[in-house]
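Engineer: Protein chains in written order, with the working numbering: chain A, 1 to 204; chain B, 1 to 1170.
If you are wondering where the hints come from, they were derived from the structure by calculation, not from laboratory data. Treat the hints with caution; some may be incorrect.
[Said to hold, decoys possible] Subject to a maximum C-alpha distance of 30 Å in a straight line, what follows is the list of computed BS3-like cross-link-like pairs (lysine-lysine): (1) B:Lys1039 / B:Lys738; (2) B:Lys623 / B:Lys807; (3) A:Lys175 / B:Lys178; (4) B:Lys313 / A:Lys175; (5) B:Lys48 / A:Lys175; (6) B:Lys623 / B:Lys589; (7) B:Lys820 / B:Lys895; (8) B:Lys5 / A:Lys175; (9) B:Lys5 / A:Lys168; (10) B:Lys311 / B:Lys217; (11) B:Lys217 / A:Lys100; (12) B:Lys359 / A:Lys100; (13) A:Lys83 / B:Lys738; (14) B:Lys943 / B:Lys996; (15) B:Lys47 / B:Lys217.
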Amino acid sequence: MNRMSDQRMNIQMIISGVGGQGVLLITRIFAQFALEEGYPIIGSEDHGMSQRGGSVMTHLKIGDFNSPLVKKGNADLLLSLEKNEAYRTLPYLRPSIRGKRGGLCFINSSDPNYMDPRVESYLGDKGIEVHLFPAEDLAKEMGMPQSINIALIGFATAHPRFPFPYEKLRRAIEKITHPRFREVNLGIFEKAAFEGKYWLERQP
Amino acid sequence: MEELKEERVVLGNEAIARGVVESGCHFFAAYPGTPSSEILPAIVRFKKENHLDIYVEWSTNEKVAFENALVASYTGKRAAVAMKQVGLNVATDPLMSAAYIGTIGGFVIISCDDPGPYSSQTEQDTRFLAMFAKVPVFDPASPKEAQEMLPIAFELSEKYQIPVILRPVLRVSHAQQKILFHPIRRVERKAHFIHQPQRWSATPRFRFILHKQLNQKLRNIAEELNSMVHLNFIENDRERALFGIIASGIGYAIAKDVLYELGLEKEIPILKIGTPFPLPAERVEAFIEKCEEVLILEETEPVIELQIRDKSKVHGRLDGFIPNEGEMLPEVVTEVIVEFCQKYSIPVEETPSSTPLEKLVSELGISIRRPTLCSGCPHRASFYAIKRAFPNGIFPSDIGCYTLGMNLEAVDTCHDMGAAITFASGLYHAYQQDGKEVPIIATIGDSTFYHSGAPGLLNAVYNGSKFILVILDNSIVAMTGMQPTPESGITADGHPGRALSIEELVKGCGVKYLRVVNPYDMRAMIRELRKAYRYIRSPEGGVAVLIARYPCITYQKEQLKVNPIRVDIRHIPPIEKDLPPLKSKALPKELLPIYRSKISPCEGACPLQVDARGYIELIAQGKFDEALALVRKRNPFPGITGRLCARPCEKVCRRGNLDQPVAIDLLKRFLADREEEPFIPALAEEKRERVAIIGSGPSGLMAAYELRLKGYQVAIFEALPFLGGTLAMATPRFRLPKEVLEREIGLIQRLGIEIKLGIRVGKDLTLEDLRKEGYHAILLAIGAHLPKSNLPNTQAERVIDSLHFLKGVALDEITSLPPKVLVLGGSERDVDAARTALRLGAKEVHLFFSRSQKEVPADPLELEEAEREGVIFHFFSVPTRIQTSNGKASGISFKTAHLSEPSSSGRRRVVSLQGREKRMRADYIITSPQYLPELSDLGSSLKQSILGTIQVDPETLETSIGGVFAAGDAVTGPKNFIDALAAGKKAALSIDRFLKGESLRRNREEEGLSTELVSVPLDHLEPEARIEEPLLPVEERMKEFKEVRLLPKEEEIIREAKRCLHCGLCYHCDFCLWLCPEGAITKTEEGYRIDYEKCSGCRICAEGCPTSTIEMPEIGACIGCGICMRRFECPSLIRAEDGRMRIDRLTCVDCGLCLQVCGQGAIYPVTPQG
C-alpha cells in the first residue's frame, strides 16, 4: 500500500472536546466528505468511558495512511470544541518544518484572551496558527446550542488554508445531520462561515 | 447473487461484522463490552439490509454466547461469537475444551483487545489466550484487513475443524476506514448433529488422543501459514539488511506511517505477520537470518517474540525496547526506529518535537476531565443515597457505567463481572470472623447481575452472608451503547424473546428481603437502605436486596419531560447576610459549624426539668442505679411520678413525630420499683429557720422535701390522719399502690420533717398561731376539695362528687355500690371514679362527657383501660339535671352538645345543646363539679382570686400576706400531679429566698420550662414500635385494687431506652466523622474537633447530625464549597469564574436531584413560567 504520488489530499487532523459536545458528528461529516470525493480515510474514535462527559478526541487522516493515529506534532488541523481540551491537544499540531507551514487550529472560545501568553507566543514561533471563535455563542444565538461543532467548522471554512471547500462540507452536513435540524444547522454553518470571513479579513 | 460493489466509511467493528456476513456465517452470539459492542448491531443491520438468514443473539454472558455458537458449529453451521478480551476470560472454560474437541462448521471467536487500557480492567493480550488454548489467532492491522481475514478464518476453521480467534485491538475496532463491500457468500448448511459420543463427550482417555490430534492440527496449520503470503508477507525484501521489522496487527499500520514520515518507506524490510499463533516459524526465521537486528512491533504482549527460538538478534518487549505496558503509540514506535537508524547511520527525516509545548501546557495545570455519570443519571441518586445512609460503609461494586460511582465515593471495588456480590459476601465473613460489624453495600447493574451476579448471590444466601445488594436497574446496557437486557424481552434482532424479571430471579436465589425503590426519591431510598440494614442485622437477617429502578436518562430522554424540575443557584444572599468569602476558614465565625449541646425537648417540657435524655441513656447502658440517681436530682418521687404524671415530656418527644414517643414514664417507674434500699439524700447544714407546710399533697410534700434538703426546720400540718393529700385519698390504689406511696412518702419522714396529722389549720390552729409558734414562713398547699356545681339536685341522696367518692373509698367509708352508676365528667378523677365504681360491684357504669373522646382531659391510656374494663362512654352528652325520686337520685336528663370550630389552640367549646332531652336511669350518680380550696377559715386578709382560689404573685407564689406562700391546686384549681410538684418546688425556692432575705424575683426565668425545643432530623429513621406495657388481665383487676400497669422485662426496658434519639446531645455516634467529605473532623478524648482550615462549609455535618448537636446556620446562597461537585458530581454543575457553582444549561436535564444535595440551601427550584 504505497503512497500514491498524485495524492490530492493528505490531511491529518485532531478533533477534541468533551463527551456530549458532538465530536463524533464532526468526524462523520469529514468521513462523508472523503467518501464523496473518493479519498481514503482512516481515523480513531473514543467510545465507552470517555464518552461520559470526559475528554473526547478523535484522530482523522484523509489520504493514503495505514494507522488511524495521528502522532503528536503531525496534525495539520486541530478543531477543538472546549478550551481545556484544546490545550491538551495542541501538541498534536505540526510546527513549521522543512519549509512546510505549521498546523492550523480552531478553538471554540468566547473569551478572546483565553490563550496563555506563553503558549501563544510559542505557537507563533512555531508557525502554528490559532483562531478562537465563540462557536457556542453563535449556536445559542441561532437557537441550537448543541451545534457548536457545526459553527466551528463553518468558521474554519473561511480560512484560505482550511483544506475543505465550503460547498462540499455543506453538502456533507446536509447528508449527515438529522432532517429535523438540517435547516438550522445549515444556517449556523453559513453564518459561522460569514463571521469567519469578516473576522479573518481583519487579521494582520 | 451478484451485488453492487459499494464503498463505505465504517467503524472497524462494522467492517468485522461485514466480514462475518460475507463469510456466510449462520449463527452469531455476543455479549456487549467495549471495544466489541458495535459488531452485533452491525450484523443485525446487514442481516436486515440483505435479508440474510442468520441467527443473532445477545447472550446473557460470554460463556453462554460461546457455547451457543460453538454447538451450532457442531451441527455444521458457520458460527461466530464476539466479546471483549476480558469477556473471553469468562468463556475460557469452553474455549479450552473447544480446542481439543474442535468444530464441524467454521467457528470464529472475535475477541477485542483494549491496550491502554481505555475501557477495561486489564491490557491482556488475547493472542496469549489463543496460545494457551492452542487455537490459531488472526491479528488484523486495520478494519479492512479484519474484514478480509474473516473468510480465511472461517475456511481455516472448517478445514482443520478447530476454533479460530480474530483479535482486533481497540484501534482497529474503533478505527474508521473506507472499505469495499464484497459480495455476501451464501453457504447452504442444514443443522445436522452427528452422534459422536467419543468426541463430544470424550472421557479423559480420549482427551489425550484429542490433544495429540490438536498438536498435529497446529503443526499442519503452521505449515500452511508459512505459505499464505497474503497473511504473512515481506515488504522491501532484500538479501541482507542492517535492520528489519517484524510487525503484527496495529504495530504494522503504525510502523508503515512512521517509516513514511521518516522517509524510510522503501528502506527497511518488514515482515508482516497476520497469524501470530501458530507462528509461521520458517518465514520468521528466514527473515531474521537476513537481518543484523530485528525489531518486533506487536500489541500488547511479546507473543511472537516468545515463539522465536533464537532471540539473539531480536529486540522488542522482552529487552524493554518497547515499553511493556500502555498502548504502543506512533510516538514510541518513531523513537525506537530513529534509535535503530542512528545506530546504523541510516539517515532519517527530521521529526517535529512536541515536548516543549507539552511541558508548557502541563504547567498550566489544567485539571483532567474525568468521565462522570450523565446529568440526571439515576445511579448518581442511588450512590448519593447509599453514601448518605452509610458514610462508613464498604462498597463493592461492579462493571458498568456505575463504576463511576467511585467519583461519589460510593464505589470501593470494581473487579470483574459479578464480583460486587462475591466480594460483599467475602467481606462479610472476613469481618464476621473477628466479630466486627461493618455495613457492606454492594452495587451491581441489571445486565451485570444477569451476566454473573446470580451465582454469587446464590452462594451468599446459602452461606449466610449479610449485606445489602443494590441492583441498579436502568433496564438497559448503557455503558456499551444501549443494548437491551433480558428484562426488556427485546432480542438482538427482534426475534421473539421473553421478558425476565429481576425480582423473580432474586427471589429464586433464596433472598427473603427484596424491595423496589425509586432512586429519584433519595430520601425514601435512604430510609429503605437503613431499613434493609436493620433487617440484615436482625437474627433472622440475611442478604437484603434493593432494586433501584429508574430508566437510563440518556436512553429515555422523554422520561424527564414529564415533570421537569428546573433549578437555579442563588448567588445573591438575602440582604441581611453578606455573601461570605470562598474559603471556609475565612467564613465569619458565626457561620462555621460548632458542637453545642442543647436541652432536650423532654427535659425542656418537664415542669421539674428532669434530665430524661440523660437517665434514658443510662438505662440503655444498663446503669440503672445511676439513672435513678439522675432522676432523683430533680424529682424525689419517681415511683409516684412514673404512675401519675401527665407526661408532658412524652408529648414533645421527637419520636412521636415518627412513630410513638419513648415510654419515658414507664422507664422511670421501672427505675423506682427496682430500688430496694430506702433512699436518703444528703442534707445541707442545719438552719434555724422554721417553715410550716399546710397540706401534704404533692405540692406540700415537694416543698417540704426541698426546704428540708436546704437545712430548714420543716413541719407538715395535715388535716387527715395520714400524709399524701389527694395522692392518698383521691387516687385509686389500682393506679398508685399503697406500698409505692408509703415508700416514697417515707422519705419525708426519714428526713426529719415534723409531721402533724389531724390538724386543720384555720380551724384547729390559725395562721397567726403558727407565726406565734415561731414559724418564719408558711406554705398553703391545701389543695382544692370544695365542690361547686350548678347542676340541679346534686344534694340528693346517692349523688356524690368524684373527689369525695374516691375519698370515701380510700377511708373505707364506701365499700359497695348499687348496679347502675353514672359518672358525669371526663377528668382524670372522674375516670378513676368510674373504674373504682366497677371494682365496688357496680354492674353498669356510664360516663358522660360533653365533647369528643379526643378532648377528654384524662390520659388516653387510662381512658382505654376504663373502656376495656367495661365503662360505657357517652360523648357529646351534657347532663342537664339529676332526676330524683323521694329525695334519692333516680337518673339524669341530658342533651346532645353542639361544638364550635376548633380555636387557634385546637380547643372546641360547647356552643349549644340540641335536640330532645334524653334520660337515663341510675342507682348512683358521681358528679364532676368544680373544686375550690376551702379558704373560709383562713381569715379575710388572705386575698382570693375571682375564681375563688388563693391569689398569689405568679412569679413568687407569695400571697397577700407577707411570708405566707401558696402552691398547687389551692392556687390553680385542680391540675395534674406534676404541675403540683413543680409548684411545690417553686414555692420552696421562694421561701428559701425569703428566709435568706434575698429578692424573690431576680433570675427566676431559669426555673421555668424551656421554650426552645431542639428538633432532630427524622427522615433517615425507621419507625420502631414503642414498648408494649404489660397489663393485668381485666378479670383479675376487679377482685381487688391490684395495680393495672405492670412492668416489662429488663431487656425490653433497655430496648425501649435505645429508641431515644438523644436530641441535642452528642452521643459519639461518629456519623459526622464519616460524613465530612473534607476529613475536617477528628475524634479526641474531649469529643469531636473541627479543623476549620479543612472545613469547606458544606454543612453536611450539621444536616446529618442525628442529634442536631452540630450547629451551623444555613446561608441560603452558594459559598462555593463544592459539595455538589464532590459528593454529587453532576456534570451540569460547574464552577464559575468566582469559584461559586452555576448550572450548565446546555447539559442540565432538569432532573431536580441536586435540590436534595446542597446543604447551604443555595439550589432552589425555579417556578415554572406561565
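Engineer: Tell me, in ascending order, the numbers of any earlier hints that this structure violates.
Structural biologist: 2, 4, 6, 11, 13, 15
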